[in-house]
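Participant: Below, each chain spelled out in residue letters.
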Amino acid sequence: MAESLTSASEKAGLPPGSLVHVGEVPELATRITVVDYSVAAFEEKIIESVEDILAYRDTDSMTWVNIEGLIDVDLIEAIGRHFNIHPLVLEDILNTHQRPKFEEHDSYLYLVMKSLSSKDEVLSVNYEQVSILVLHNFVFTFKEKQDDIFEHVKHQLKNSKGRFRSQGSDYLAYVILDSIVDMYFPLQDALDEVIESVEEDLLANPSAPTLALIQRIKRELISIRRSVSPIRDLLNGVLRCESPLIKDGTKLYLRDVHDHALRVTEAIDSHRDIVTGLLDIYISSISNKMNEVMKVLTVFASIFIPLTFIVGIYGMNFEYMPELKWRWAYPALWVGFIVIPVVLLVYFRRKKWL
Amino acid sequence: MAESLTSASEKAGLPPGSLVHVGEVPELATRITVVDYSVAAFEEKIIESVEDILAYRDTDSMTWVNIEGLIDVDLIEAIGRHFNIHPLVLEDILNTHQRPKFEEHDSYLYLVMKSLSSKDEVLSVNYEQVSILVLHNFVFTFKEKQDDIFEHVKHQLKNSKGRFRSQGSDYLAYVILDSIVDMYFPLQDALDEVIESVEEDLLANPSAPTLALIQRIKRELISIRRSVSPIRDLLNGVLRCESPLIKDGTKLYLRDVHDHALRVTEAIDSHRDIVTGLLDIYISSISNKMNEVMKVLTVFASIFIPLTFIVGIYGMNFEYMPELKWRWAYPALWVGFIVIPVVLLVYFRRKKWL
Amino acid sequence: MAESLTSASEKAGLPPGSLVHVGEVPELATRITVVDYSVAAFEEKIIESVEDILAYRDTDSMTWVNIEGLIDVDLIEAIGRHFNIHPLVLEDILNTHQRPKFEEHDSYLYLVMKSLSSKDEVLSVNYEQVSILVLHNFVFTFKEKQDDIFEHVKHQLKNSKGRFRSQGSDYLAYVILDSIVDMYFPLQDALDEVIESVEEDLLANPSAPTLALIQRIKRELISIRRSVSPIRDLLNGVLRCESPLIKDGTKLYLRDVHDHALRVTEAIDSHRDIVTGLLDIYISSISNKMNEVMKVLTVFASIFIPLTFIVGIYGMNFEYMPELKWRWAYPALWVGFIVIPVVLLVYFRRKKWL
Amino acid sequence: MAESLTSASEKAGLPPGSLVHVGEVPELATRITVVDYSVAAFEEKIIESVEDILAYRDTDSMTWVNIEGLIDVDLIEAIGRHFNIHPLVLEDILNTHQRPKFEEHDSYLYLVMKSLSSKDEVLSVNYEQVSILVLHNFVFTFKEKQDDIFEHVKHQLKNSKGRFRSQGSDYLAYVILDSIVDMYFPLQDALDEVIESVEEDLLANPSAPTLALIQRIKRELISIRRSVSPIRDLLNGVLRCESPLIKDGTKLYLRDVHDHALRVTEAIDSHRDIVTGLLDIYISSISNKMNEVMKVLTVFASIFIPLTFIVGIYGMNFEYMPELKWRWAYPALWVGFIVIPVVLLVYFRRKKWL
Amino acid sequence: MAESLTSASEKAGLPPGSLVHVGEVPELATRITVVDYSVAAFEEKIIESVEDILAYRDTDSMTWVNIEGLIDVDLIEAIGRHFNIHPLVLEDILNTHQRPKFEEHDSYLYLVMKSLSSKDEVLSVNYEQVSILVLHNFVFTFKEKQDDIFEHVKHQLKNSKGRFRSQGSDYLAYVILDSIVDMYFPLQDALDEVIESVEEDLLANPSAPTLALIQRIKRELISIRRSVSPIRDLLNGVLRCESPLIKDGTKLYLRDVHDHALRVTEAIDSHRDIVTGLLDIYISSISNKMNEVMKVLTVFASIFIPLTFIVGIYGMNFEYMPELKWRWAYPALWVGFIVIPVVLLVYFRRKKWL
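Residue numbers (my numbering), protein chains in the order written: chain A, 1342 to 1695; chain B, 1342 to 1695; chain C, 1342 to 1695; chain D, 1342 to 1695; chain E, 1342 to 1695.
Simulated from the structure, these hints should not be mistaken for lab results. This structure is a prediction, so every number in the text was calculated from the model and none was measured. A hint or two may mislead.
Just so you know, same-sequence chains aren't split out, so a pair can sit in one copy or run between any two.
The list that follows gives simulated cross-link-like pairs (lysine to aspartate or glutamate, DMTMM-like), each with its CA atoms no further than 25 Å apart [as the list claims (entries may be wrong)]:
(1) Lys1486 <-> Glu1418
(2) Lys1592 <-> Asp1533
(3) Lys1486 <-> Glu1384
(4) Lys1636 <-> Asp1542
(5) Lys1386 <-> Asp1589
(6) Lys1495 <-> Asp1610
(7) Lys1630 <-> Asp1542
(8) Lys1592 <-> Glu1633
(9) Lys1630 <-> Glu1541
(10) Lys1692 <-> Glu1633
(11) Lys1636 <-> Glu1385
(12) Lys1386 <-> Asp1533
(13) Lys1692 <-> Asp1542
(14) Lys1499 <-> Glu1384
(15) Lys1588 <-> Glu1607
(16) Lys1666 <-> Asp1393
(17) Lys1460 <-> Glu1418
(18) Lys1442 <-> Asp1399
Okay, chain A solo, but in the shape it has when bound (with noise of 0.2 Å):
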């Protein structure tokens, strides 16, 4: 289902900052995991407050806070208070409207997106937004409702303790960044399908359902590439930002996302260009097919109507019509019944209407 365009206007007119949370997914408990690593250790928990998280801000470890679930204001709030996170930014973290943009703080850098996978029926996307808080040796994650898309990024930190734990904050954001945006190939892949599908239909047998089909593709891609497409310029200005919590070596990865993200980009355009003409070929088609059926009702009509003024003029009843005495009159007429649908048959396929 493509997502609702604007729906900000649930909270129009409240003063700017107010904590409230705006969103579709219906209200769910909130499950913080705190995952804290370092070469050394691994530790994976589901803890339950604000108070809980506090006891790692001091450590050593890098530290990541998944939270899952959008309706505890209050536990939003704290983890503002205590991590001095400007009002604006937990506003917008709790509106899950949001325009994917990165914003760079003194002691922070917000960024928000948009997770994009679709179910079991193709064209059914689920559109989340996650929030990404990278601070010094901690990041948090905001996500609007309970799945596994981090199981990967966890699994890979449990396992390789090379390279990855011994990374800061930026390297963490950089792997979720990169998982979330390699969700948008399987979903081009399926749009790839799709289309592909819808493309043979229409060719072979056009219908109104397919018309319908199209349509929803359509509004389904200009969802997607409003979700998609800000990830540029979002990665764009991670990479532009000069920030201390980026370091250089970092940079390079982050290049390689926005690499992927632009050929996701460049996909969806492609899609759209193929899509705007799927409706071209529609009527294309629709008006092929009225051609074939106006030929036949012509072939049919213009054989049959002179044949039938013929035998109407012998049926009149005027007491002098000559012919009607003649003997051979009626087989010659057979004869004419069978010459002249002959005649115009082959005129018609020389004219190729048959």
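Put chains B, C, D and E on the given structure of chain A with help from the hints.
Facilitator: Below, chains B, C, D and E without anything else, positioned relative to chain A:
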């Protein structure tokens, strides 16, 4: 109703700086509301003349003067004289066909934009030009008519004494800007709904009124876009401006409004994309319907025309037609009347025409 | 009538700097009007020769020389010689197929643009090239024909002695520019009206003349756009230019003209957007009508073709047709003639064909 | 005939710098014309070998060598050797599928562009590649074939001894450039005419040949655009270049050519805009015609089908048909035959189908 | 076959820097060819292992290692280790869904692009990713399969000992780049031909297979464009890069390749312009045909339907039909049967329906 595209022609030919009210809003009385506040105090009252405003000029408290109705040219002129406003700015305030823009002057900032609201009926958008003059400790707003679009702002001022009331004129201007931009979101949601319902209509039952409606939406979108999209530039101007009237702390908030404006513009562009495609769907859908109708006609005609020809044959009055005397000729024909249509129908179904 | 797209071909092949008048306006006598003014004095008179102009060259008062008609090549050449104007500029003044542009020379500025006015009939736009030479205390304007487009400016000069008359040549140039740009607004309003009436026609009753009219509007818009849209660049050039001939105070006014030019260009773009869609509406509307007609044909044919077949059956002359002898066969058939159409009509209405 | 889009494939695979002539112009003899001039003298003669050129190399007079025909690869190679031209430049001169471009080398400038001229028949545009080498006091021009496109330039050189002959090689290059750009204008005028006549055809009587013609114009425009639009960049390059070979005084003239190139490009874009719309008009016009035809068919069929049914009824042979015996039945039917069509016609006219 | 749009999904979820081959080319053995040359010597041989490459690393001669087949991940990894290549670059070499790009590293340059070649059948384009690593005196090329696209380059190296063999690795890279870009030209020519033949088909005899073919061309063009157009940026990057690995003399040659890439991209854009218009022509052409068919039907029906009605009248069995007894009624009717069609035909021809 889409706003007239230009219509500044009423004034063409007058010398520059001539103060004349140009607009479509019927002449109303002018209402001047003064809101004077500091952290400690809050006062709101309706006043009658410029002299009453001057009383607030040299106090330390923040003063917001909201002028509703632009027919009292003398009033505007007097404000210009007392607060040292350039005649061209006064002219722009009075001429309600301005393009949203931002101008930085020595002792004040001038912003002009459109507030958009949709009335009861969905596609009747209400355009109102709002001019904002930001001076030191003083904000003027000029509106075309008396309505309640600033009620929220006043309400916030009255109730949240803390942060809001301790800020300067730039923050008040930000809150006003924010409240105007936030009004675009419900409008977008309304458009969303209309477009979706038109889309369904199109696929199910395309008709001439749908066509007219699509054209109306298109026009309205063009008109809305012209009012909304320059706001990004306006806000970029404000963000880049180095006037001491705008504090750095406020810029963070203005950037937030800028993000909102960006989202609205993107939403409008998406709407335009979708609406542009609707006409193609309309044509496709109509072609579809016509194809259906054509098939029915063709089937009916193709089946009965040959049969009618056959019955015509035996309605002829030739003397020598041996079949007419045969005992089983008539029942045999009836068999043909049943077999021929069945054969044709099977054939047509094979060809996917039925 | 849309202006010819190029048509400078008449001059192709001549050496550069050749002074030849190139234009479509029929040859007229040249009229030279001099307006000489200072805060204290105002004088307007028609003169005959270049020598009369020279009399004003070395006075302190501001002088505006308006030359209407471009066939007197010697006159232009003499002005060039006396006022030290580059031959290429003189060539551009005489060739009335210039693209609007601004050129900064050492001792003068050169501006060329199109004044557009619509005559009685709505779509007959009148294009006239206006060249402006801005020197110290001296302004030349060159026009193709004698008309009253500068009457307003002279009227203002004559009446408002205060500010206007104390300003230099840059301010006069601004007022002239402003009056030309202001002439675009009523043109836009006229276009607005034509397009709206075409739109209504289209939906109600699409016909071949409407088609021709749409194409004419499109061509006119392309032509207007080519004359108007370079004016933004022209004004940008003037605003950026650092010639002492343009005072800073005047730039504020020029920025105002720039805003107007921006509004006009946006209006043209909106018009183009709307007109581009009109052809699609035309096709949609025609398809709609055809669909209606097709339905009627189908209903008529589908109802009467089977009935005609039935009456054909009982018109056959077989000897052994027992029904022909039955007492109630004929009335029973009449019942069928009534029931069959009713059943079909109900069926068609269910299918939404009626 | 639209120029082949690429066709450099003939040379693909050769080592870079290989001097091979690549082009479509049939092999012709090469003609070398030398024009040597100073303020005092003017000499034009046809020479045979490179050695003859060398005689002019070290004189003070300006020399223009015009080489027509590119099959004599040795000649080009010898020029390259004697005048110190880079092999890649020589390669570009010989390969006539170059994109117009400007290259600044140490001791010379290289320009390559297309001269376009239309032959007798309107849409048969003639493309010829012209390369210009500008050295100190020496200009080479290389053309594909022998024609008279430079006659004007020679004529001017011969006759106007004053300014022209006293200028350097940059001014000669400017005059050549100017003469090539000026050749685009008559071409545009021709296109203008063709498009206008197609437009009229379309509205009056759309047919298959018109369709083919539109497609041909479209292709030609794409081809022309590819030859013409890079000339703006070429001239920008020349204007920005700081080589001592180009004097400041000449740049003023080159800016004039740049303005012309801009106008041509804008004209092509306008043409494209118009031509793009022509197909829509074609479809609209065809739909219109078909609608007319359909109406006639529907009216004919709708009027006569019911009447035929009625006469069929009374052609039945039932024994008990009381009407057949009535005295006034037949005349009464005739009244029906007249009344029914009139009623239907009035109805149809009301529905605007006639 | 158009290349899959994205398809990097196979690798989604793996940790960054994981060396896995991602591609569609069936697994083949890897072939390593070493070409070692200096002005004096030239040696080409096929080797088996990385160790054999290392033998060439520290010699003064230029070495080109061409690796065909990307399944041997260990090999790539070993090269990376020995030549100090960043893991992300190795990953990009192995993943054959890269966007063409250029990366400058400290001791080497990395280029990746697509070579395109068309097989026997015209629209079956063959995409192959080619990665180039440029080190000091060492060039690596990585290809997906074993083919002969570099035969030309080797041939040139072997034969022209002079300039080519005395140049460094940058010149070799240039020749390889040039040979890849030159392969685009024959492809464009092939496309040119296909499109032209489709165009002719369209106008003469539009059919469903033509429709499918247009869509296939469109998809192929989108795919080709995605492979080709980033090459301009790639070359811009190379030209701007200040690495000592690229000598100034070579940049002149690279600028030449850049010009070629520009021409190819422009050709693709022109093709796209043309193909986009083809569907409109298809619809126009189909409408045309349908119009023809409709006219025939209408003429047939309009002529015979009234006649059939007339003969129906005199087939009625009323007792009192005086005409039936008239001597000349029947011949008179025959006159009508001839006159009425003639009159109608003349009328139709006047209306341009025949």
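Participant: Flag every earlier hint the structure violates by its number, smallest first.
Facilitator: 2, 5, 6, 8, 11, 12, 15, 16, 17, 18
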